[in-house]
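Each chain is listed here by its residues.
Protein chains: 4
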Amino acid sequence: MHNVRPLPQYLVSRFHGWRATSYEDNSAWYRRLAQEGQHPRAMVISCCDSRVHVTGIFGADTGEFFIHRNIANLVPPYAPDGHQHGTSAAIEYAVNTLKVAHLIVVGHTNCGGVAGCHAMCSGHAPELEEKTSFVGRWMDILRPGYEHVKDLPEGEQIPALERQAVLVSIKNLLTFPFVRSAVESGNMSLHGLVHDIGEGKLVQAEDGGRRWVEV
Amino acid sequence: MHNVRPLPQYLVSRFHGWRATSYEDNSAWYRRLAQEGQHPRAMVISCCDSRVHVTGIFGADTGEFFIHRNIANLVPPYAPDGHQHGTSAAIEYAVNTLKVAHLIVVGHTNCGGVAGCHAMCSGHAPELEEKTSFVGRWMDILRPGYEHVKDLPEGEQIPALERQAVLVSIKNLLTFPFVRSAVESGNMSLHGLVHDIGEGKLVQAEDGGRRWVEV
Amino acid sequence: MHNVRPLPQYLVSRFHGWRATSYEDNSAWYRRLAQEGQHPRAMVISCCDSRVHVTGIFGADTGEFFIHRNIANLVPPYAPDGHQHGTSAAIEYAVNTLKVAHLIVVGHTNCGGVAGCHAMCSGHAPELEEKTSFVGRWMDILRPGYEHVKDLPEGEQIPALERQAVLVSIKNLLTFPFVRSAVESGNMSLHGLVHDIGEGKLVQAEDGGRRWVEV
Amino acid sequence: MHNVRPLPQYLVSRFHGWRATSYEDNSAWYRRLAQEGQHPRAMVISCCDSRVHVTGIFGADTGEFFIHRNIANLVPPYAPDGHQHGTSAAIEYAVNTLKVAHLIVVGHTNCGGVAGCHAMCSGHAPELEEKTSFVGRWMDILRPGYEHVKDLPEGEQIPALERQAVLVSIKNLLTFPFVRSAVESGNMSLHGLVHDIGEGKLVQAEDGGRRWVEV
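Chains as they are written, first to last, in the working numbering: chain A, 1 to 215; chain B, 1 to 215; chain C, 1 to 215; chain D, 1 to 215.
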């Protein structure tokens, strides 16, 4: 713990700049958010990737989105086994406690996690098959998606697997009883998107994922 | 999967606004990010809470921060047991593949997850003790932190536990061999912060967490 | 060469201070920058003037901006004549080797170079017309800009010429085939700014320089 | 000129942050700098490289350093031929108009320009020998330095050439009559430094460049 260091100065300067502008101009809103707690209207599950910030592309204000970010925006299947499941905990909190109205899974192009999964499943990344590979074991969630893309022409497999990362996650979401119940009662809707980083486009799943349409 | 719905219109409209402005003005940068891949300088671990967006408070551009967000910004201890560990996968990818220079844990005030942990540990939330409670099992990570705060005056316990969420996570980070190795070789530094949502302030851990100082 | 002297002590002291703080806290980042090379997202062309440091006003970290500074932030026209062109070399390196996404020309108020150019062009500085005046010959680049301002009311001519220094430079930038190609392919965007030193304001060119708008 | 675009939003936000903090806290100083003009105590010639910002390593305030930055921090020999010499113009202005007390040439390790010069001079970069290569022609300034290093063991040549970039520049500076005169009259001193990016160290030339000593 002697390893904890002070923040780099440029981040300190930028924080002071934020405080003197965005915070000062909105301190009433921030104080109200602190006192009343959050009431976000949506949960977003997106990738840790530094090129995908959903607050930017959706112009989200503080307080709007409850955001869980993990490698490749994946949701594991429901498994109430008493172990630690960070993604499942975030979903449980969003649905049962915050009662969000939308649950949006946002995938993206050029995803390093998906590319790693493709390499692993096609036999080109034995190191990811090791029991000790956290990334490999995490990407196991996407293995069922690889089955849907492995017979496509080679250049189409990874883009298709990026969409599978969204579809597999939505399918797994529906294995959580409280998610299914919220969806079926009409209290929450599910949405699946893939963001194209280079072209700045967004496609969404329609017909249960059989079609992807640009928004 | 018939449950997937189109995105609400206000989000579509905002996305089109983003595309016509931020994307158009920076398309060269986005294309380069897509072609060359990401080279973020820091990984940030923060809470899913909708009131804490680190890209805002640090004026971060697309491509700067690799961000993992989970309930209460927690890191579990190193456990290469072959199970799915989303947080550990994100850390492994950031440290070993992206080789980030900074790993920053950002806690915050008014954290619902920390409050739940406090209620659970002090015997006021039996439902969180259930084996099937994902939030409860996730918050087990912070139990050792409760031991450090339980004898404080009542009003100080929760703020102290919010700081413990950062310190326990940093302590757990150092149980990952690749994190320890990167820190000890000087290739990565660790930082611990707590963001005060209502007051717009930021404190950072010094002296291994014995002191917290406003930046 | 016997004239080379040790650094003044106050600069040595400050350097040691920087090393013990900023460097120590960020040594991981500096080492990575040394090992992997620079990947700046933008080139900035600004004036040598001691009152204009773009890293400050834009909170830029080490590694973000590739910065060329000369008198009056000028770019000469494309001239592949085999002579030494320091500005053209910097632009060539930024665009062709570093592939920056943004090229930003930053002018400023109270510019001594621009004032000298105005004096020269209006017949009040014959010494700058001498063949041996390096400043005079350098400011020749801005002569076409004087034509656009010479009929304005006297008090408006120098501020207008400061903006012309940015516009003439951008016009000249577009005479470089590799700049034009990067801009037309959408791989790089051009930006023109004037920084008001005394008032701390920033205006940017819009509509190809017909309007200047405060950011 | 229709190609000029608005500044990316993250830079606008950071500028507003700077304005609300650094500028507001120092507006009296900025206004005085605008009204009285600059009186920098030193001119610094350094590289455009995004990893070398001398205002950072020397904790320089606005108004302290008049900074010229070009590829590889080079000064060409005195050549009053009526052509455009941006570096010579900056030196003339600093010495004759601003009358700086120090002229400091700051080289650095891992310099892309120096590496290119080494490749060119050792016959490994024919493209840099082209008449139309601005970088190649600019690096011609450093050719005499290559003669001093070409017989060293291979691994020592580039670091030695980085130091030669400083020494050749200082030698060329002394071919400018007004520089020589200011130095010989004791009104200005010359300094030569090389900054080690990865290790955060600074060495300075002593004994006319025969020795380099850590400051």
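The hints are simulated quantities; they were obtained by calculation from the structure and are not laboratory data.
Mixed in with the good hints, there may be bad ones.
Since the list can't tell identical chains apart, any single copy or any two copies may satisfy a pair.
Below, computed lysine-lysine pairings styled on DSS-like, alpha-carbon distance capped at 30 Å [claimed, not checked]:
(1) K171 <-> K131
(2) K131 <-> K201
(3) K99 <-> K131
(4) K99 <-> K171
Problem set entry | Hints violated by the structure (numbers, ascending) | Per hint list: single violation, 2.
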